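*Asks:* Spelled out, the chains give:
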Amino acid sequence: MLKKIVVGLDGSKGSFRALEEGLLLASLAGTELHTISVEEVPRFPGTIGEVVEEKETADTRFGVAISKAQKIAEERGVKIEAHVLVGHEVRTIVEFVKEREYDLLVIGFMGHSALYDRVMGGTCQALVRLAQCAVLVVK
Amino acid sequence: MYKKILVAFDGSEGSRKALKRAIKLAYCFEAELHSMSVEVDLPQYVATVGEFEEVKRQKDEYFEQLNSEAIELAKAEGVTLTPHVVAGHAVDSIVYFLKQGRFDLLVTGFTGHSRIYERIWGGVSRNLARFSPCAVLIEK
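Protein sequences appear in the order of chains A and B.
In case it helps, the working numbering puts the first sequence at residues 1 to 139.
In case it helps, the working numbering puts the second sequence at residues 1 to 140.
Be aware that one or more of the hints could be misleading.
Claimed, not checked - A few chain B residues that face chain A, going by a derived Cβ cut-off under 10 Å, partial list only: (1) 105; (2) 129; (3) 137.
Said to hold, decoys possible - Distance condition first, Cα-Cα at most 25 Å in a straight line; then the derived SDA-like pairs of lysine to any residue: (4) B:140 / A:129; (5) A:3 / A:17; (6) A:98 / A:29; (7) B:140 / A:125; (8) B:20 / B:102; (9) B:17 / A:130; (10) B:99 / A:111; (11) A:139 / B:120; (12) B:140 / A:88; (13) A:79 / B:28; (14) B:20 / A:30; (15) B:99 / A:119; (16) A:13 / B:3; (17) B:24 / A:31; (18) B:75 / A:2; (19) A:79 / B:29; (20) B:99 / A:16; (21) A:13 / B:104; (22) B:24 / B:67; (23) A:68 / A:83; (24) B:3 / A:31; (25) B:24 / A:30; (26) B:17 / B:87; (27) A:139 / B:97; (28) A:13 / B:102; (29) B:140 / A:95; (30) B:3 / A:24; (31) A:71 / A:27; (32) A:13 / B:126; (33) A:3 / B:24; (34) B:140 / A:16; (35) B:140 / A:123; (36) A:4 / B:31; (37) B:17 / A:29; (38) A:13 / A:87; (39) B:140 / A:32; (40) A:4 / B:77.
Honestly, the hints are just simulated from the structure, not real lab data.
Just so we're clear, the structure is a prediction, and the values are computed from it rather than from any experiment.
Where a beta carbon is used, it is the ideal one built from N, C-alpha and C, also for glycine.
Could you build the full structure based on these sequences and the hints that come with them?
*Replies:* In structure tokens, the structure reads:
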């Protein structure tokens, strides 16, 4: 049923709530949990160097969130594998899910833009629409 | 931890997939499984009560049949499904039911009966994701 689960981890509180749910599901399914973090590439990169630099920054920026996630996973007894990619957030995740054939994508209702309580995040909406697997939206 | 799961069930292909997923999850979590079917589009302008009652009866029969099949499907997987049918506004009724029943997970399809908009996320499904008090799993 649920063999491959991936959590969208952008470091926000919402994504950590999604992580907790993902860990729960993974431990019940007896599988490992994957996380995907995407750093948006500069809109019009001038050189490949800019993209590479962005990736290095992303690795650092997400490094904090990922080590926190790994600690939580360890406490729950679940093996976790983190992925960091650079690109357009939605497109990258959708392609990643398709490529790796995940069964379930777990995401927060709201990411970093916690402006309004009831307004569903733009990324969340787009991912539910476009991801080629079931999506669990965590509140 | 999911102890009480609700699946939005309108008999569409999308909701059947959601039902199958919900059954499996209920089994895994040993959770209570309920389904909610909302009778929408009951006639607003009728000449006689009989007209209204006729439409209601048809919808009641439709969901009764659907729900007995659903119960059997769940039973085959060792899960007890408790179906519920109400008349009203789909999103409103389901969200209200989720809050009243303190459900911790809603499972819904991506689209319902609307065949035209197959690639577009269905209105009811989207609004359920927005207004649900608990986590929502959108099955594809």
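*Asks:* Hint by hint, work out which the structure violates, then give me just those numbers in ascending order.
*Replies:* Structure breaks no hint.
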